[in-house]
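Spelled out from the first residue to the last, the chains are:
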Amino acid sequence: MTDTAGLGDDVQLLTLDVNGTSYEVITEPRRTLVDVLRHDLRLTGTHVGCEHGICGACTVIVDGAPARACLMFAAQAEGARITTVESLADAETGELSDLQKSFTEHHGLQCGFCTPGFLMLAEGFLAERPDATRGEIKEAVAANLCRCTGYQTIVEAIDACATARRGHCARGTEETPCN
Amino acid sequence: MKPANGDRLVGRSVARREDPRLLTGRGRFVDDIELPGLLHAQFVRSTIAHGVITGVDLSEVRRVPGVVAAFTAADLELGDITALLARPLSEFVPTAMPVLARDRVRYVGEPIAVVIARDPYAAEDGLEAAKVTYESLQPVTGEERALAPDAPLVHEEAAHNTLVDVSLFATDGIDEIFDSAPCVVQVDVRTGRQNALPLETRGAVAFWDDREEQLVLHTCTQVPHQVRTVASRCMRLDERAVRVIVPDMGGGFGIKCAVGREEIAAAAAALRLHRPVKWIEDRKDALSASFLAREQHYTARAAFDTDGRILGLDADVVCDMGAYSCYPFTAGIEPLMAAAEMPSVYKVPAYRVRGRAITTNKAPTAPYRGVSRPQYVMVVERLMERAARELGLDPVEIRRRNVITEFPYTGVNNMTYDPGSYLESLDLCERSLVEAGWYDRQAVARAEGRHIGIGYSCFSERTGYGSKAFAARKMEVVPGFDISEARMDTSGAVTITSGTLSHGQSHETTMAQIAADELGVDIAKVKLHQGDTDRITYGWGSFASRSIAVGGSAVRLAAGKLGDKLRAIAAAEWGISPDETELHRGGVRRRDEPDAVLTHEHLADTAYLKSHLLPKDIEPGLSATAIFDVHNDGTFSNATHGVVVELHENTGQVEILAYVCVEDCGVAINPQVVEGQCRGGIAQGIAGALFEQVTYDAQGEPSATSFMDYKVPTAHEIPDITIHHLETPCAFTETGAKGAGEGGTIGAPAAVLNAVNDALRATGVELDNTPITPETVHRALTPPAPEQTT
Numbered sequence: 000m001t002d003t004a005g006l007g008d009d010v011q012l013l014t015l016d017v018n019g020t021s022y023e024v025i026t027e028p029r030r031t032l033v034d035v036l037r038h039d040l041r042l043t044g045t046h047v048g049c050e051h052g053i054c055g056a057c058t059v060i061v062d063g064a065p066a067r068a069c070l071m072f073a074a075q076a077e078g079a080r081i082t083t084v085e086s087l088a089d090a091e092t093g094e095l096s097d098l099q100k101s102f103t104e105h106h107g108l109q110c111g112f113c114t115p116g117f118l119m120l121a122e123g124f125l126a127e128r129p130d131a132t133r134g135e136i137k138e139a140v141a142a143n144l145c146r147c148t149g150y151q152t153i154v155e156a157i158d159a160c161a162t163a164r165r166g167h168c169a170r171g172t173e174e175t176p177c178n
Numbered sequence: 000m001k002p003a004n005g006d007r008l009v010g011r012s013v014a015r016r017e018d019p020r021l022l023t024g025r026g027r028f029v030d031d032i033e034l035p036g037l038l039h040a041q042f043v044r045s046t047i048a049h050g051v052i053t054g055v056d057l058s059e060v061r062r063v064p065g066v067v068a069a070f071t072a073a074d075l076e077l078g079d080i081t082a083l084l085a086r087p088l089s090e091f092v093p094t095a096m097p098v099l100a101r102d103r104v105r106y107v108g109e110p111i112a113v114v115i116a117r118d119p120y121a122a123e124d125g126l127e128a129a130k131v132t133y134e135s136l137q138p139v140t141g142e143e144r145a146l147a148p149d150a151p152l153v154h155e156e157a158a159h160n161t162l163v164d165v166s167l168f169a170t171d172g173i174d175e176i177f178d179s180a181p182c183v184v185q186v187d188v189r190t191g192r193q194n195a196l197p198l199e200t201r202g203a204v205a206f207w208d209d210r211e212e213q214l215v216l217h218t219c220t221q222v223p224h225q226v227r228t229v230a231s232r233c234m235r236l237d238e239r240a241v242r243v244i245v246p247d248m249g250g251g252f253g254i255k256c257a258v259g260r261e262e263i264a265a266a267a268a269a270l271r272l273h274r275p276v277k278w279i280e281d282r283k284d285a286l287s288a289s290f291l292a293r294e295q296h297y298t299a300r301a302a303f304d305t306d307g308r309i310l311g312l313d314a315d316v317v318c319d320m321g322a323y324s325c326y327p328f329t330a331g332i333e334p335l336m337a338a339a340e341m342p343s344v345y346k347v348p349a350y351r352v353r354g355r356a357i358t359t360n361k362a363p364t365a366p367y368r369g370v371s372r373p374q375y376v377m378v379v380e381r382l383m384e385r386a387a388r389e390l391g392l393d394p395v396e397i398r399r400r401n402v403i404t405e406f407p408y409t410g411v412n413n414m415t416y417d418p419g420s421y422l423e424s425l426d427l428c429e430r431s432l433v434e435a436g437w438y439d440r441q442a443v444a445r446a447e448g449r450h451i452g453i454g455y456s457c458f459s460e461r462t463g464y465g466s467k468a469f470a471a472r473k474m475e476v477v478p479g480f481d482i483s484e485a486r487m488d489t490s491g492a493v494t495i496t497s498g499t500l501s502h503g504q505s506h507e508t509t510m511a512q513i514a515a516d517e518l519g520v521d522i523a524k525v526k527l528h529q530g531d532t533d534r535i536t537y538g539w540g541s542f543a544s545r546s547i548a549v550g551g552s553a554v555r556l557a558a559g560k561l562g563d564k565l566r567a568i569a570a571a572e573w574g575i576s577p578d579e580t581e582l583h584r585g586g587v588r589r590r591d592e593p594d595a596v597l598t599h600e601h602l603a604d605t606a607y608l609k610s611h612l613l614p615k616d617i618e619p620g621l622s623a624t625a626i627f628d629v630h631n632d633g634t635f636s637n638a639t640h641g642v643v644v645e646l647h648e649n650t651g652q653v654e655i656l657a658y659v660c661v662e663d664c665g666v667a668i669n670p671q672v673v674e675g676q677c678r679g680g681i682a683q684g685i686a687g688a689l690f691e692q693v694t695y696d697a698q699g700e701p702s703a704t705s706f707m708d709y710k711v712p713t714a715h716e717i718p719d720i721t722i723h724h725l726e727t728p729c730a731f732t733e734t735g736a737k738g739a740g741e742g743g744t745i746g747a748p749a750a751v752l753n754a755v756n757d758a759l760r761a762t763g764v765e766l767d768n769t770p771i772t773p774e775t776v777h778r779a780l781t782p783p784a785p786e787q788t789t
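In order, the protein sequences belong to chains A and B. Counting in numbering that gives the first Met the number 0, the first sequence runs from 0 upward without gaps. Counting in numbering that gives the first Met the number 0, the second sequence runs from 0 upward without gaps.
Hints should not be assumed to be uniformly reliable.
[As the list claims (entries may be wrong)] To spell it out: a stretch of chain A is covered by chain B in this simulated footprint if at least three of its residues, at any positions, have a beta carbon under 8 Å from a beta carbon of chain B; those stretches are:
id	stretch
1	20–30
2	79–88
3	122–134
[Unchecked claim] Under 8 Å between C-beta atoms, here's a sample of chain B residues computed to sit facing chain A:
id	residue
4	Ala14
5	Tyr120
6	Ala682
Since the hints were made in silico from the structure, they are not lab data. For glycine and all other residues, C-beta sits at the position ideal for the given N, C-alpha and C.
Generate coordinates for the entire structure from the input sequences, incorporating the hints supplied.
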């Protein structure tokens with residue numbers, strides 16, 4: 000929990016729903032969602048790359064849609080369902096999700112710093128647009144910055160995952176996320 | 000001796016061992032490190048480009064809620080960071096970079112004081128309460144101003160604002176060659192100031208460890224041992240009293256191999272306060288006040304005979320290094336690299352070059368992926384294109400007539416080139432674009448009035464610099480060798496160390512592939528230790544694409560020695576000679592009896608837990624250390640890049656329609672990793688060619704302080720890239736590998752610029768500068784309005 004001593008009287012108690020767990024946080028109103036996730040809740044998978052909403056390293060899913068956690072105050076996320084990269088792999092077995100596996104198969108990451116942001120961007124996007132074409136995926140990927148991969152393998156990873164999910168849906172072998 | 004099994008890992012795209020933790024958010028980057036009682040640092044920075052500091056008042060800062068301390072240079076009393084070249088004063092003028100500015104500021108963003116608070120927000124509040132007063136001096140914001148006779152001096156000791164001025168080569172009779180040559184072409188090339196821009200900004204977490212009597216500094220650097228040297232000298236500690244640890248690193252691209260002032264100041268504050276201190280650079284500082292790169296100006300000419308064969312090259316190189324010479328590479332890195340290596344892949348019989356590093360009131364520069372090679376390759380490739388036009392030759396044909404085809408080849412620059420595939424890569428690259436139909440499509444498009452261009456660049460890049468190559472540069476700090484240790488524990492698991500370290504290049508996988516093959520162990524049994532000065536005997540870090548060529552060779556040697564010891568132990572047990580044994584997957588077997596195998600676990604158990612069974616001449620334990628250096632002039636990777644662009648008349652946009660890269664980095668340890676390096680490098684090269692630039696106004700104020708002002712290309716701008724591999728194994732490394740990190744960045748700007756010029760062919764306009772802005776292209780494509788007559 001945050002050390003509130005010396006921070007003045009202007010602190011608030013928030014309840015945040017992150018990856019299905021409810022957290023109580025005492026924080027200054029000016030504290031951003033990404034700082035609260037990283038430093039108060041110790042969910043350091045979400046990264047900070049620019050703090051002005053361009054690079055997308057801090058992308059998390061808020062109520063089903065990708066959002067820049069550096070552009071939101073934590074207080075604004077109260078009552079919302081927040082999902083971070085820590086939720087993707089199987090909590091019990093540690094097995095990577097299909098999207099994570101696709102990233103590693105396609106070499107869609109190198110230094111890995113931007114990766115959680117791309118994963119959450121892709122999860123949010125594919126939930127909305129499961130039938131997205133490769134071109135549409137490329138447009139969506141253009142929302143975030145990567146400095147290592149040249150993007151091609153990220154697009155390929157997401158496209159392959161989307162294609163596989165559609166295949167599963169067509170065969171009716173998966174309950175979600177076939178909507 | 001190699002394991003006898005056929006299923007070697009080297010050469011295969013083994014899945015990355017880094018990925019599971021990075022994909023699940025369990026990577027540990029500097030900012031992820033939390034310590035009890037952690038404090039946070041932010042820096043009071045200069046708001047003017049050039050001036051004398053007349054006062055620093057931090058009294059209000061210290062009253063800001065949450066602020067714990069605030070220090071100026073006088074408070075911390077740190078030694079300066081001074082990078083040196085062992086060259087005469089006529090060639091190199093050393094200048095000191097104080098950790099915090101003491102009496103003078105030389106660029107907007109220069110750190111003046113450090114504010115320490117309980118929380119980064121409070122530290123930023125503190126910054127606003129700092130009062131710094133200056134007496135402004137005229138800023139020096141460009142090359143022309145810096146070299147003008149009446150220019151103010153950025154450093155009093157550097158006359159003409161010149162830190163480095165070398166004339167390395169001047170072939171006898173070169174003037175006569177130019178006077179009598181049938182064809183002389185020239186170019187005037189300027190390249191923009193760029194930001195290497197790792198997604199993870201710089202940062203540090205430091206604390207004093209009482210038990211170890213050590214200052215522990217976690218920082219994202221490419222050169223941990225060199226940071227240790229600087230930190231210990233600045234703070235007057237023994238080197239063993241500083242431990243530098245590099246956790247996961249979100250990219251470096253070269254700029255993180257310059258030792259930064261802020262990580263030293265943060266460490267000094269931790270020492271002074273006896274509390275852990277964290278500093279994380281924000282993006283505004285990373286864009287404007289961190290190390291920048293690339294701003295260079297070339298005036299060059301080349302002489303050709305009527306067949307298009309180059310007769311001579313004459314170049315003047317001026318590099319704008321900004322306000323300070325970076326440690327350890329110095330302001331010499333760019334002009335010295337350009338001057339020594341400019342002839343590149345071509346047979347240049349006569350050569351003259353002058354290289355200068357000048358100092359200006361801009362953020363200092365540091366090496367950035369490719370270091371001068373993206374620029375001089377652009378210069379030489381522009382000269383080739385221009386000569387082809389003048390002589391009516393095909394641009395590929397003129398290159399074909401000039402590339403080095405016989406090896407070993409010793410150039411006019413006194414360097415002996417490692418065998419490569421210069422001609423083969425050119426041929427394959429051209430064929431690839433022909434077969435994909437791009438020349439046909441270009442002809443059709445041109446007939447329709449569209450502007451499609453095809454451009455190439457050929458280059459070689461020195462990658463495995465050994466200490467001989469660095470010593471030739473006359474560096475005071477001479478990098479080059481690498482040390483590796485291979486250790487097997489009682490469970491048969493292997494730990495290898497490397498003095499190089501990965502900031503995205505997959506060393507945990509590729510180094511393990513090398514070691515696993517040498518030892519015949521499963522790759523899962525091999526763990527790499529990197530980036531920790533207490534765990535690694537010594538290291539030069541990762542830069543100049545040296546990791547696999549040099550570091551990988553050391554790993555192979557160390558693992559090989561460990562393998563020899565395993566065979567000796569097995570041979571002793573069997574009572575045969577070690578020559579009668581071989582490493583096999585899982586252990587050591589008898590050559591004469593392949594089914595007789597002693598497992599790694601069994602041998603390790605003997606070496607440690609039953610050492611009484613070892614013969615007298617075999618020491619207990621299982622570890623081996625090896626040192627590797629490249630003893631010739633270096634290893635040279637090579638490539639040809641081919642690109643197709645379309646220029647859009649209405650917007651001036653340069654759209655990349657196709658990109659082909661034919662690369663040869665010798666033996667590719669992991670082809671998927673090599674391709675990743677190529678693609679990422681090409682994206683950064685395209686960024687330099689078309690998008691990124693930090694400019695400064697007349698007052699020395701930088702233009703790029705956010706991503707709103709600094710265009711980093713996204714998936715929208717970077718095309719899919721076709722990669723072909725050629726493999727000319729390197730005879731000078733243990734792995735047969737050359738380097739693969741920088742080539743993409745080196746080849747792309749020249750290829751893109753040539754393609755744009757090909758597309759502009761009908762207009763008569765030729766562009767030589769980067770970035771190629773939409774405005775430039777639009778102007779070139781839009782005929783001037785007819786003059787109005789009254």
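Which numbered hints are broken by the structure, listed smallest first?
3
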